[in-house]
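First to last, the protein sequences are chains A and B.
The first sequence lines up with residues 0 to 241 when you count with numbering that gives the first Met the number 0.
The second sequence lines up with residues 0 to 411 when you count with numbering that gives the first Met the number 0.
Hints are computed from structural coordinates only; laboratory data are not their basis.
Check before you lean on any hint, since a few could be wrong.
To be verified - Anything over 10 Å on all C-beta distances counts as not near chain B; from chain A, calculated: (1) ARG6; (2) THR17; (3) GLU62; (4) GLU102; (5) GLY131; (6) GLN140; (7) LEU143; (8) GLY217; (9) PRO220.
What the hints assert, rightly or not - Covered stretches of chain A (chain B as the covering partner; in silico rule of three or more C-beta atoms under 8 Å from a C-beta of chain B): (10) 21-35; (11) 44-51; (12) 228-238.
The model shown is predicted, which means the values in this text are computed figures rather than measured ones.
Quick reminder that beta carbons are idealized off the backbone N, C-alpha and C, glycines included.
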Amino acid sequence: MNDNSLRLVWVYPDLLSTYGDQGNALVVERRARQRGYDVTRVDVRSDQPVPASADIYLIGGGEDRPQRLAAERLRRDGGLSRAAGNGAIIFSVCAGYQILGHEFINDLDRQEPGLGLLDVTSGRGQAGRCVGDVLADIDPQLGLPQLTGFENHQGVTHLGPTAKPLARVRFGHGNGTGDGTEGAWNGNVFGTYMHGPVLARNPQIADLLIRLALESQGLAPVDDRWYEALRNERIAAASASR
Amino acid sequence: MAGNTEPLSPRSKLAVTAGKAAAAVSRAAGKGSGSVIGGKVALRLDPDLLGRLAGHLDVVLVSATNGKTTTTRLIAEALRASGPVVSNALGANMPAGITSALAGGSDARYGVIEVDEKYLSTVARDVTPKAIALLNLSRDQLDRAAETRMLAERWREGLAGNKALVVANADDPLVVWAASSSPNVVWVAVGQEWKDDAWSCPSCGGVLQRPGEDWLCAECGFRRPVPSWALSGEHVLDPHGAAWPIRLQLPGRANRANATTAAAVAAAFGVHPQTALERMWEVTAVAGRYDTVQFGGRDLRLLLAKNPAGWLETFSLIDPPPTPVVLSVNARGADGTDTSWLWDVDYTRLTGHPLYVIGDRKLDLAVRLEVANQSFRVCEHVDEAVAAAPPGRIEVIANYTAFQDLRRRVGN
Ligand SMILES: [Zn+2]
């Protein structure tokens, strides 16, 4: 990539943007610009081809039927899989996370193939929806502070041998498998059940995505005052509510 | 459309009396108006009471994500030109609250009833309405309520076979999808500022095309119907093409849209659009919304916005910069406990306004505004925000429980 530019793709906002998912695109964009990078953000609707040459791809959450439509169109399009093959960074949330796996249960109660970019398989939980504030410890290999988020899902995701848990929950459900794992990652591909604007509560993950895209070790500091205040408040709230 | 004047059965009368007694006890205990508890008691004694009470009335139901309380008021005001009206004017819009409101209106000719979106089909079955007004559907309190498209689906099923005249917004694809199951629809073009819940064809899932004001699905042919009524700037266009001026004390495009729908409903009951629109001038604040109050030596205008579509409409009606704006957000039970919707709201629209942030979730708002590159000040409460704001009327925008907190604090 060009030294000073970052190409960001938000995948299918017409289908997968139910819980403020735009927030993740806005946070990455803002934090890269604050470091002086020239960001090109492309919002790709589901009737448009997904370009294979961008640096960072974000894919969000959605209702059951739009999720199936998104999976069908992404499989047919092939752009996101080609981008993964090129080593692009992909960050996925909820329905988008399930789509990156091998398969999930669709709105017609059938198994729907995903893109197979993460070694995970999703089903539907029996125990009702997981809703509420979550606190989790991120995989130490990533060197990031605690994950704070809000979950609202019925899906359950099992990790295969090549997917590592993104985090281990202290409070909340995460992958819903009962083993305390939350999300998954492998190389440059990440998935989480922390919905919508999870990067707003975890700007260090946004910075990680930017660093991976730039192949850079560090980024100039920015004013994180409000992010830190929000993190502290939500971490305390998650602890108090469980 | 004359009402049926058959008297209530002894059992229904008893239920009404018991409900009123329960409401009085609840009021005496300081627990609000008691209308919901009264309605619950009455419905338990006579489960068919709602239908029986409505049997005497020509009923209009009003449902939507946003604007249903105001539109109910506007329709009620317009129909008073033609006869006495009973209405759930305070927004108790589930079956118990509706029962309670109707029980208080034995002399009325019309019942103008706001209905919660989730209860529309049930209430429409119970009360045999003459007309149903459907304004819009969008995301709202998603961690509690049904998904938006599922709501449209439920409306669609409930309206199939209902004989009411449906007055529906031609510019909202989800509303059109829901209303199309009815054999008897009047389409009203009142616009749709918030489009992010309707990019996907409700019928087949194709991507909707939106050339200009039109919308259509290239895959299945589902498209915007031809409207017979329309909002055009400051006027209502009737089916004959005549333009009638809208005169409202309520601000904003969204309220002109509400007035247009109200005029179309009133016309179905024989009220001329000019008469209907003139009467709507009488509607001022609706349950404190749009009220301007004095507080701390300043004028504050109180604006309620509960979801992304509501915030977007509100941004379009506030006074221009440098008018100071106070934003207040809570995430208690009645608001939905999730704040992710803040990221669906385009806060860059507030550029140039001095911004003050309060409410339980002021830190979520602070990060949201930081990312939108806005300058703002976080305050502990409204007093501090008002004291800090530069001169001029202050616009205060709050979501549901934040709005209640605000009204208590400023004594409105
Ligand atoms: Zn279609």
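Worksheet entry | Non-conforming hints, listed in increasing numerical order | 2, 3, 5
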